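*Asks:* Next come the chains, spelled out residue by residue.
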Amino acid sequence: MSAGERRIKDALLERYLSDALAPEARGQLESVLAESAPDRARLEELRADSAAFLVQHPPGPLVARYEAAEPARRRPWWLLLVPALAASVLVGVWPRENPYTVKGTVSLVLHRKAGDGSARVEPGATLAPGDVLQFEVKAAEDGYVAVLSRDGQGTVTVYHPFGGTEAARYQATRPMLPAAIELDEVRGHEEVYALHSREPFALDWAVAALTEGKRLDAVAPRGVAVEHVGFDKR
Amino acid sequence: MSPESTAPRGGPTARAASPASDDLTALYRRFGPAVHRRALSLTRDAEEALDVTQDTFLAYMKVRGTPRDEASPFTVLYQIATYRAVDRVRRRARWSGSLGPLSVEDEDAEDRRQEAATSHTGGLERVEALQDLALLTQGEDEDVLTVAVLYFVEGHTTEEVAQVLDMSRKTVSRMLARFAERAQKRSLRLSPGATP
Numbered sequence: 099m100s101a102g103e104r105r106i107k108d109a110l111l112e113r114y115l116s117d118a119l120a121p122e123a124r125g126q127l128e129s130v131l132a133e134s135a136p137d138r139a140r141l142e143e144l145r146a147d148s149a150a151f152l153v154q155h156p157p158g159p160l161v162a163r164y165e166a167a168e169p170a171r172r173r174p175w176w177l178l179l180v181p182a183l184a185a186s187v188l189v190g191v192w193p194r195e196n197p198y199t200v201k202g203t204v205s206l207v208l209h210r211k212a213g214d215g216s217a218r219v220e221p222g223a224t225l226a227p228g229d230v231l232q233f234e235v236k237a238a239e240d241g242y243v244a245v246l247s248r249d250g251q252g253t254v255t256v257y258h259p260f261g262g263t264e265a266a267r268y269q270a271t272r273p274m275l276p277a278a279i280e281l282d283e284v285r286g287h288e289e290v291y292a293l294h295s296r297e298p299f300a301l302d303w304a305v306a307a308l309t310e311g312k313r314l315d316a317v318a319p320r321g322v323a324v325e326h327v328g329f330d331k332r
Numbered sequence: 013m014s015p016e017s018t019a020p021r022g023g024p025t026a027r028a029a030s031p032a033s034d035d036l037t038a039l040y041r042r043f044g045p046a047v048h049r050r051a052l053s054l055t056r057d058a059e060e061a062l063d064v065t066q067d068t069f070l071a072y073m074k075v076r077g078t079p080r081d082e083a084s085p086f087t088v089l090y091q092i093a094t095y096r097a098v099d100r101v102r103r104r105a106r107w108s109g110s111l112g113p114l115s116v117e118d119e120d121a122e123d124r125r126q127e128a129a130t131s132h133t134g135g136l137e138r139v140e141a142l143q144d145l146a147l148l149t150q151g152e153d154e155d156v157l158t159v160a161v162l163y164f165v166e167g168h169t170t171e172e173v174a175q176v177l178d179m180s181r182k183t184v185s186r187m188l189a190r191f192a193e194r195a196q197k198r199s200l201r202l203s204p205g206a207t208p
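Here the protein sequences come in this chain order: A and B. When we follow our numbering, the leftmost residue of the first sequence carries the number 99, and every step to the right adds one. When we follow our numbering, the leftmost residue of the second sequence carries the number 13, and every step to the right adds one.
FYI, nobody ran anything at the bench for these hints, they're computed from the structure. Hints are not guaranteed to be accurate.
To be verified - What follows is a set of in silico ranges between Cβ atoms, one per label pair, in the way DEER data are often shown:
(1) A:153 x B:153: 31 to 41 Å
(2) B:197 x A:126: 33 to 43 Å
(3) A:103 x B:35: 18 to 28 Å
(4) A:103 x B:118: 22 to 32 Å
Claimed, not checked - Calculated cross-link-like contacts (lysine-lysine; reagent style BS3-like; alpha-carbon spacing at most 30 Å):
(5) A:236 x B:197
(6) B:182 x A:107
(7) A:211 x B:182
(8) B:182 x A:236
(9) A:331 x B:74
(10) A:107 x A:211
(11) A:236 x A:211
(12) A:107 x A:236
(13) A:312 x B:74
(14) A:331 x A:312
(15) A:312 x A:236
These numbers come from a predicted model, not from an experiment. Built from N, CA and C at the ideal position, the CB exists for glycine as well.
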């Protein structure tokens, strides 16, 4: 190792600078610092950057944002029912013939990536191998979601969390899931399912049911809402 | 304001800060710059990095008092920031196959690796490797994702990962081995025909 090479990675210097190292680890790091001018120089860079950051981005706006959310946690309990009541009304008036109907507490919309943007996949649309899909899952509350599919050959895939065995955490304020799936070469009809629950849940029952060609809403455990949409791939 | 005034300092419209707000201010001053640098190094976008920084602290305030809070604040904040930044990267990621084999080395190999240049230290290569890992870590917990990024993309040894996250080396190795097993299956799905 040459004299100009650093010996301490930034992540450890960050921990040191934040005074978050245990005494023994701090002592070891300081011994290395004493012998390494490049690492001392980097530490000073980080220290200066920290000072500049706090001048440019003081804590005030963050604290204001935190405090603005604080009163919501102290609202009367009955006010929490208002969004739930609104959602139940929404379920009642949504056209039933719309395949993206909100059933129970979850809805599913597919979006196909087009250039830098995306386009909603309309009912009855035909997609092609290579199309990239994203999933918008809307539920009334935070919890856990999963997206699965059964393709024209009966192959079952867990799209979100990709290849996972358990549902992923979900925030109702972020309905567009981070998953982006490129459709493969298998043609035919494909059904995509969105599952939502307030509590964590495993996916083995869903994978098994789809593999056997069963409807998920018929076998879903209590507390797991199911929605599905289909499309043809040609 | 006269010395006898009982109005809060800062003007008639200022509200007295709550103890939680004071804690948040102190946490931000102590860890904010590091959290921001972490977010920026992963997202490579100034605006996203600031968003991730704020979101990280707000998320941290929610886990205070829960079992998650038993880890040190630096560790929890670092993991949340890494998780949220990688989430941003994942939204724009396309599989490139740049990540390379997801193998966990033994201690001797790591010692030898420390003397040599690590992979993914270059600009574009690192970006692509991070994007690939972002796709492979979808659905993983914050601690697993952070360990994976530090090891497979940023070239830290298991010992260094353990020090950064205040974990035991054994825990890090176990998490990496289990993650690698899951990720290798996912990577086959993402690039059919390619050898992991």
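*Asks:* Hint by hint, say whether it matches the structure.
*Replies:* Hint by hint, here is what the structure shows:
In this structure, residue 153 of chain A and residue 153 of chain B meet the distance hint of 31 to 41 Å, their C-beta atoms being roughly 35 Å apart. For residue 197 of chain B and residue 126 of chain A, the hinted distance range of 33 to 43 Å is satisfied, since their beta carbons lie about 39 Å from each other. Against the hinted window of 18 to 28 Å, the Cβ-Cβ separation of residue 103 of chain A and residue 35 of chain B comes to about 40 Å, which falls outside the hint. Judged by the Cβ atoms, the range 22 to 32 Å given for residue 103 of chain A and residue 118 of chain B holds: they are separated by roughly 24 Å.
In summary, the hint linking residue 236 of chain A to residue 197 of chain B is supported, as the alpha carbons are separated by about 29 Å, within the 30 Å threshold. For the hint pairing residue 182 of chain B with residue 107 of chain A, the CA-to-CA distance comes to about 20 Å; that is within 30 Å, so the pair holds. Using a Cα cut-off of 30 Å, the hinted pair residue 211 of chain A and residue 182 of chain B is violated, with the two alpha carbons roughly 42 Å apart. Taken as a hint, the residue 182 of chain B and residue 236 of chain A pair is broken in the structure, with Cα atoms around 40 Å apart against an allowance of 30 Å.
As the CA atoms of residue 331 of chain A and residue 74 of chain B are separated by approximately 44 Å, the hinted pair breaks the 30 Å bound. Proximity of residue 107 of chain A to residue 211 of chain A is assessed by CA-CA distance (about 38 Å); at most 30 Å being required, the pair is judged violated. Between residue 236 of chain A and residue 211 of chain A the CA atoms are separated by roughly 19 Å; this keeps the pair inside 30 Å, and the hint holds. The hinted pair formed by residue 107 of chain A and residue 236 of chain A fails the criterion: a straight-line CA distance of about 42 Å is larger than 30 Å.
Using a Cα cut-off of 30 Å, the hinted pair residue 312 of chain A and residue 74 of chain B is violated, with the two alpha carbons roughly 40 Å apart. Annotation: proposed proximity of residue 331 of chain A to residue 312 of chain A holds, straight-line Cα distance about 21 Å (limit 30 Å). Between residue 312 of chain A and residue 236 of chain A the alpha-carbon distance is near 24 Å, which keeps this suggested pair within the 30 Å criterion.
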